[in-house]
Amino acid sequence: QQQVKQSPQSLIVQKGGISIINCAYENTAFDYFPWYQQFPGKGPALLIAIRPDVSEKKEGRFTISFNKSAKQFSLHIMDSQPGDSATYFCAANIPGTALIFGKGTTLSVSS
Amino acid sequence: DVKVTQSSRYLVKRTGEKVFLECVQDMDHENMFWYRQDPGLGLRLIYFSYDVKMKEKGDIPEGYSVSREKKERFSLILESASTNQTSMYLCASSQSGSLNYGYTFGSGTRLTVV
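Which chain is which? The protein sequence lines are A and E, in order.
Each residue of the first sequence is one higher than the last, beginning at 11 in this note's numbering.
Each residue of the second sequence is one higher than the last, beginning at 14 in this note's numbering.
Heads up, some of the hints might be wrong.
As the list claims (entries may be wrong) - For lysine-lysine, the following DSS-like pairs were computed, each having C-alpha atoms within a straight-line distance of at most 30 Å: (1) E:Lys16 with E:Lys68; (2) A:Lys52 with E:Lys26; (3) E:Lys31 with A:Lys113; (4) E:Lys70 with A:Lys15.
Since the hints were made in silico from the structure, they are not lab data.
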């Protein structure tokens with residue numbers, strides 16, 4: 011019940027295309043859902059985050075869609091660029107505890 | 014520029030050695046965390062701390078301990094290193110009491126136990 015299930019494990023997208031990464035959870039006590047981006051040799055960095063009282067949040071080319079009834083949330087990267095090639099992690103948090111991360115998605119954007 | 018600094022980028026240790034991984038943050042954050050990252054397994058929480066001298070076990074604490082004597086420093090200790098502890102270790106910090114739960118990660122320590 012504490013897990014966050016992330017898919018796909020890897021993704022190849024053409025430059026200019028839309029990248030979509032999905033996550034699902036079971037525990038309804040989660041109240042914060044961030045996405046982290048990690049480049050090789052670096053630690054993960056916060057990309058965008060959402061709370062369950064909104065269904066969508068957009069920051070530039072990055073959008074989180076949140077479906078509370080389905081207990082799913084997804085990251086959409088519009089107009090994907092080679093510089094977006096990285097590993098993406100979804101995560102979830104219960105207040106007072108540490109973030110629980112998904113297993114990660116390796117995104118490759120081909121030029 | 015705010016930072017989480019991990020003392021070693023790469024480390025090679027022998028089986029049975031006691032290993033110390035150091036992490037320092039300069040953001041005056043209350044919370045600090047240790048995760049290990051393995052391919053296909055994502056980030057798994059080892060220990061975290063919400064205050065000086067305070068620690069909480071994460072999902073995989075076996076074989077590890079931690080120390081937090083000062084607010085800015087959080088150390089991960091491998092009591093007797095084993096080959097299955099070969100991994101990337103990531104330290105993170107975050108501010109308590111904020112609606113922004115964003116973690117700031119260090120660049121990681123890649124530990125190889127031979």
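Structure-based check of all given hints:
1. The straight-line distance between the Cα atoms of Lys16 of chain E and Lys68 of chain E is roughly 22 Å, inside the 30 Å bound, and the hint therefore holds.
2. For the suggested pair Lys52 of chain A and Lys26 of chain E, the alpha carbons sit about 22 Å apart, so the restraint of at most 30 Å is met.
3. For the hint linking Lys31 of chain E to Lys113 of chain A, the alpha-carbon distance of about 29 Å falls within 30 Å, and the restraint holds.
4. Restraint check: the Cα-Cα separation between Lys70 of chain E and Lys15 of chain A comes to about 22 Å, which is no more than 30 Å; the hinted pair holds.
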